[in-house]
Amino acid sequence: VNALLSCLLLNNTPNELRMILVDPKRVELTGYNGVPHLLAPVVVEAEQVVGALQWVQREMDARYHRFSQVGARNIVDYNGKNSPALPYMLVLIDELADLMMLAPDETERHSPAWPSWRAPPAFTWCWLPNVPPWTWSPA
Numbered sequence: 004v005n006a007l008l009s010c011l012l013l014n015n016t017p018n019e020l021r022m023i024l025v026d027p028k029r030v031e032l033t034g035y036n037g038v039p040h041l042l043a044p045v046v047v048e049a050e051q052v053v054g055a056l057q058w059v060q061r062e063m064d065a066r067y068h069r070f071s072q073v074g075a076r077n078i079v080d081y082n083g084k085n086s087p088a089l090p091y092m093l094v095l096i097d098e099l100a101d102l103m104m105l106a107p108d109e110t111e112r113h114s115p116a117w118p119s120w121r122a123p124p125a126f127t128w129c130w131l132p133n134v135p136p137w138t139w140s141p142a
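Add 3 to the 1-based position in the sequence shown for my numbering, that's all there is to it.
Heads up, a few of these hints could be off.
Restraint ranges, calculated between C-beta atoms of paired labels, are given here [stated by the list, open to error]:
(1) A6 x K28: 18 to 26 Å
(2) Q60 x N85: 19 to 27 Å
(3) V79 x Q51: 17 to 25 Å
(4) C10 x A65: 21 to 29 Å
For the record, the hints were derived by calculation from the structure and aren't laboratory data.
All C-beta atoms, glycine included, are put in the ideal place defined by N, C-alpha and C.
Just need the whole structure built from these sequences, with the hints factored in.
This is the structure in C-alpha cells:
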C-alpha cells in the first residue's frame with residue numbers, strides 16, 4: 004500500500020489526483036495526514052466514514068452530470084474538452100471488513116454500486132483486506 008501511494012504521490016500533482024484515505028484501525032494510513040493530495044485528513048471514525056462516502060457518492064453523481072453535459076464518456080474525454088481539468092479520485096479503504104463491523108448498515112448502503120456502474124467518473128476504489136501474508140499468492 005505504501006509503495007502504491009508513494010508512486011501515486013510522486014507522479015501526480017494535487018491538481019491531477021485527489022485522495023480520500025479511510026483507516027478505521029488508525030495505524031496504517033494516518034502518516035499521510037498533511038499530504039496535499041488529501042481532500043480531508045485520513046478518516047478514522049465510523050461517523051466520518053459515512054459522511055465521506057456520502058460526499059463521494061454526490062461527487063460521482065455531479066461528475067456524471069458534467070460528463071453528460073459535454074458528451075464525454077470518461078474523465079479523459081472530459082478533461083480534453085474542458086479547463087480546468089477534473090482530478091482523478093482515489094478512495095482507499097483499509098480493512099473494509101473492520102469498517103463493515105463498525106458501521107455495517109451505512110457502509111453497505113453506500114457500497115453496492117462502487118465497483119460496478121459508478122466507476123467511470125475517474126474514481127478508483129481500493130479495498131485492503133485483512134489477509135495474512137502467508138496466505139497471499141500472486142497470480
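Okay, the hints, checked on the actual structure:
{"no.": "1", "hint": "A6 x K28: 18 to 26 Å", "result": "holds (19 Å)"}
{"no.": "2", "hint": "Q60 x N85: 19 to 27 Å", "result": "holds (22 Å)"}
{"no.": "3", "hint": "V79 x Q51: 17 to 25 Å", "result": "violated (31 Å)"}
{"no.": "4", "hint": "C10 x A65: 21 to 29 Å", "result": "holds (28 Å)"}
Against the hints set out earlier in the document, a violation occurs for number 3 only.
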